[in-house]
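Peer 1: Chains as they are written, first to last, in our numbering: chain C, 1 to 302; chain E, 1001 to 1243.
Calculated from the structure, these hints are not laboratory results.
There could be a bad hint or two in this list.
Claimed, not checked - Residues from chain C shown here face chain E by an in silico Cβ test under 10 Å; the list is partial:
| hint | residue |
| --- | --- |
| 1 | K20 |
| 2 | S22 |
| 3 | M214 |
| 4 | I235 |
What the hints assert, rightly or not - No farther apart than 25 Å at their CA atoms in a straight line, the calculated lysine to aspartate or glutamate pairs in the DMTMM-like style are these:
| hint | chain 1 | residue 1 | chain 2 | residue 2 |
| --- | --- | --- | --- | --- |
| 5 | E | K1046 | E | E1208 |
| 6 | C | K206 | E | E1173 |
| 7 | C | K14 | E | E1121 |
| 8 | E | K1211 | E | D1179 |
Said to hold, decoys possible - Here are a few chain E residues that sit away from chain C, every Cβ distance over 12 Å (derived from the structure):
| hint | residue |
| --- | --- |
| 9 | T1012 |
| 10 | G1038 |
| 11 | G1067 |
| 12 | N1109 |
| 13 | E1115 |
| 14 | G1197 |
Since the structure is predicted, the reported quantities are computational estimates derived from the model, not experimental observations.
Here a beta-carbon is modelled for each residue, glycine too, at the ideal position from N, C-alpha and C.
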Amino acid sequence: MFLTIKRILKWGFKNFLSQKESIFPTIFILFLTLFGIGFLLIFKDVAFHIIDNLKEKADVAIYFKEGTKEEEILKLKEMLSQFPEIQKIEYVSKEEALQQFLERHKKEPIYLETLEVLGENPFLPSLHIKAINPFQYERLKEFFSSKEWQDLIDHQTYQESEKIINEIFTLIDWVEKVGIALILVFIFVTFVLITNTINLSILRSKTEIEIQKMVGASNFFVQGPFLIEGIICAILASVFAFLSLFAIFYYFGPKLTYFLAGLNVYDLFVKNSWKVFGLQILVGIILTTISSYRAVKRHLNV
Amino acid sequence: MEKEVVKFENVTKIYYPKKKNQSPTLALDGVSFSVQKGEFILLVGKSGAGKTTALKLILGQERPTQGKVFFQGIEISSLPKSKMSFLRRKIGTVFQDYKLLEQKTAIENLIFVLEALGWEEKLIQRDANEVLEIVGLEEKSHCFPAELSAGEKQKLAIARALISRPELILADEPTGNLDFYNTLEIINLLKKINKMGTTIILATHDREIVKRIKNRKIVLEKGKIIEDEKNVFNNKENPKMGI
């Protein structure tokens, strides 16, 4: 058995090398497919990291009108703390807001000068509410829309986080759909090209196959080299796809950290490298094996 | 005691065309015969008489429309396709057009077969050289088929059929492309192999061969056996042979 496998491998490599030029388009399309799969995998992780980050940061800020009494705000805080969807609620007084601003911008004199020009504390007292889930702000929205509170509230900022998160989810959905559609097209083209490549290889080896069948070589032995030829394409395409992703993330990863909520995609890629490469090689081998097997089966039916 | 190698039992083979407007072809019509171990038989008949179909049925490349074909007592048509390779390992085949691998040397053509059959390297080298010696091509072992004469090519094809030590050799018009001198050489070689114990079925329409081989001849015409006698021809031409 070992001898048979050794010879199947040897003949598979010979088949591959004998048509290395015509096999290039096949490897290229397979490379695009596997590159797309690897990219989507990492993209999804990046998107979810950003969403988690936004979820963490997402909160509702209720700013109260000038002159609203602190007791009224604290009474409201007390009421809100009974809501099950609220994780944390914090009161920031007018003075605390000013202090926080001064602390945040102590190295930026222009802000301090502006405050001096104003001559008064322009900040409003506020409540900062953090929900367990960013999509649970609907109830709060309804709560604050009642007349009773509208008279006290100057403005609210809760809609922005929700909007961004929704936009990211829409983006993920869109990229996934487009990515999967493209990958499906590539898979189809890969099937056609691999079948074509193996067909050419079979035609080139017509006499060899005829002799092998005539002398009683097993189907496994006759078909094996063509399957190996497909598998070599899969391995090469997977390696190229993996190395391309590696190079792209290595170069762009640190540059994109600021835009990706502090995430270095290169680190994420390295952390998931086995998962990515494993999936690429698995998909590559499955694709080439199925298409090679179909071609081989049709031509070599003994 | 003689042992049956091949047996045809009332075999009919009809080729049905793929297109509806063509009529079916009757290749064999109720053919029955048997071949004993060690026999050298000639399957004689014009083109289209059914000789090649009979050989294809023995090889399991075709299945009979009716009747049964046996090889060493096993009904070939009952074998699943996956088991057909085991049957073929016991049968060597020689073709008119040699079917040699042009990019391989004489010895590599033989090695190719043994590698495909899973033989070990040291046995492959030993047997390949031995068989080349039997067919008289030991001096040409490193020549490519293009460097060999027609007769030598056919000798190499016979060596390839012989190398897996088959029980039976099927030769389909092996002298069709050869001149008189080479034809004699090939016939003598096949006789030599037969004397070593291998059963041989030789399909031919060549009068010279029919005249020179004084063995059993099965004469086919339009898919039917019209003559099957042992050692009756001697050197006389038989008018029934239709060739």
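Peer 1: Compare the structure with each hint and give your call.
Peer 2: Status of each hint after checking the structure:
1. K20: 17 Å, violated
2. S22: 18 Å, violated
3. M214: 5 Å, holds
4. I235: Status violated, d = 24 Å.
5. E/K1046 to E/E1208: 14 Å, holds
6. C/K206 to E/E1173: 21 Å, holds
7. C/K14 to E/E1121: Given pair C/K14, E/E1121 holds - Cα atoms ~19 Å apart, limit 25 Å.
8. E/K1211 to E/D1179: 16 Å, holds
9. T1012: 24 Å, holds
10. G1038: 22 Å, holds
11. G1067: 22 Å, holds
12. N1109: At about 9 Å from chain C, E/N1109 fails to clear the 12 Å cut-off, so the statement is violated.
13. E1115: With a cut-off of 12 Å, E/E1115 comes too close to chain C, as the shortest Cβ separation is near 5 Å.
14. G1197: 19 Å, holds
Of the hints listed earlier, those the structure fails to meet are numbers 1, 2, 4, 12 and 13, in rising order.
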